[in-house]
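Quick note, the sequence shown lines up with residues 1 to 258 if you use the numbering used here.
Be careful, since some hints might not be right.
Derived pair list, reagent style SDA-like, types lysine to any residue, alpha-carbon separation capped at 25 Å [to be verified]:
{"#": "1", "residue 1": "245", "residue 2": "207"}
{"#": "2", "residue 1": "57", "residue 2": "82"}
{"#": "3", "residue 1": "242", "residue 2": "206"}
Hints in this document: simulated from the structure, not taken from any laboratory.
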Amino acid sequence: MKIEIPLKQKIRMLIGGSELVAIFLILFGSYLSYEDLREFTFETIYLEYNTAVGKGKVIDSFATNMDINDVPVFAYDYVFDSPIGDLEWTSYSFGRRYSTGAEIEVEYNLDNPEYNRIKGMHNYPTVVYLILFSIPLLLGIVWLSMNLVAGLRTLSILNNGIMTEARLIHKVAVGRYDHENNLQKYKMTFEYYAKDRKSYRLEHEEYHTERLEDEFTEKVIYHKDFPQKAFMVDGLSKDVAKMIKNSWAGKGPTVGSA
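Using the sequences plus the hints, can you model the full thing?
Structure representation (structure tokens):
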């Protein structure tokens, strides 16, 4: 038999109950990246292949109204002595690299010299920000992916699992104490016996340990074919744990496939 898991609870299992944080990071990062990409043109693509380096001169350098960690973004107006004649353009960098009148190296596309930039710089100030603003997007994707992998593992165990009792045999604080939120993470080690009459141990890290210590033994579900694969029921979100316990109470000890 298999438990029919409602869609809401299944989603929470798949993404670890932290869907709002991950989704916020993805949306926030996408918005910031989009705002920067609006000013990004395909000219930059021409500077990724078939390029050469020429000479140029800075005709003006100045700090823009943008900065990152109090380091200003500087703009450099320059003239490029290109194969098709003098070309003027602007590049950007963190901090000042050149002063007015400085001789510079200019990267350009051999077929289209009008696509050029000071070597090691960007043609658009927002490209500098894009690198930083994409971090929330990447963090959200990584976070969601990690939770998704863990959630799929939990669902696999649940659909092929057997519920039994586990006893807490060890508990130790791990990591630094969070003074701001008055929280401490603990590593909890539980012992349980599978149908092969062998004992197995499961480690579970948790900030809020009350739900895993409110009974003499706690519910654990292990994979029927791989007893070492297991999860603590009360280690899941409250609504998911309650749903699993209620389903188990009506169906007996086997909560997944028999």
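Checking against the hints above, which ones are violated? Failing hints: none at all.
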